[in-house]
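Q: Take 18 as the starting number for the sequence shown in the working numbering and just add one per residue.
Just so you know, these hints were derived from the structure itself, not from any lab.
C-beta: ideal position from N, C-alpha, C; glycine also.
Be aware that a few hints might be false.
[Said to hold, decoys possible] With beta-carbon atoms standing in for the labels, derived distance ranges:
hint : residue 1 : residue 2 : range
1    : 74        : 40        : 14 to 24 Å
2    : 91        : 33        : 11 to 21 Å
3    : 91        : 34        : 28 to 38 Å
[To be verified] Straight-line Cα separation of at most 20 Å, DMTMM-like style, residue types lysine to aspartate or glutamate; simulated pairs:
hint : residue 1 : residue 2
4    : 75        : 50
5    : 78        : 48
6    : 78        : 31
7    : 78        : 91
8    : 56        : 91
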Amino acid sequence: MDYRYCMTLRMNIDCNGCYQRIRRALLQIRELDSHLIDKRLGRVMVCGAFSPQDVAIKIRKRTNRRVEILDVREAAPASQDGGPGPMP
Numbered sequence: 018m019d020y021r022y023c024m025t026l027r028m029n030i031d032c033n034g035c036y037q038r039i040r041r042a043l044l045q046i047r048e049l050d051s052h053l054i055d056k057r058l059g060r061v062m063v064c065g066a067f068s069p070q071d072v073a074i075k076i077r078k079r080t081n082r083r084v085e086i087l088d089v090r091e092a093a094p095a096s097q098d099g100g101p102g103p104m105p
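Modelling step: build the complete structure from the supplied sequences, incorporating the hints.
A: Here it is as structure tokens:
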């Protein structure tokens, strides 16, 4: 059974080009259900059924930027019918 996580990352988002690069990388990761990029604070929040370490490594490789995991919260497990579970 996959567990759902909400993970907060710290990344350096200097300009709109950096923002777009991070956004494109997040949209390519299929395990993610949703994401939120806070450009002002340099924070990226992702939610979905994934392994937190694996997703951080994927984001690091695709954006060529340093990724720091700030917080990982476990949400409800994914539902059995394959759909997303309830949001926290």
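Q: So, against the hints stated earlier in the document, which numbers end up violated here?
A: Violated hints (numbers, rising): 2, 7 and 8; every other hint is consistent with the structure.
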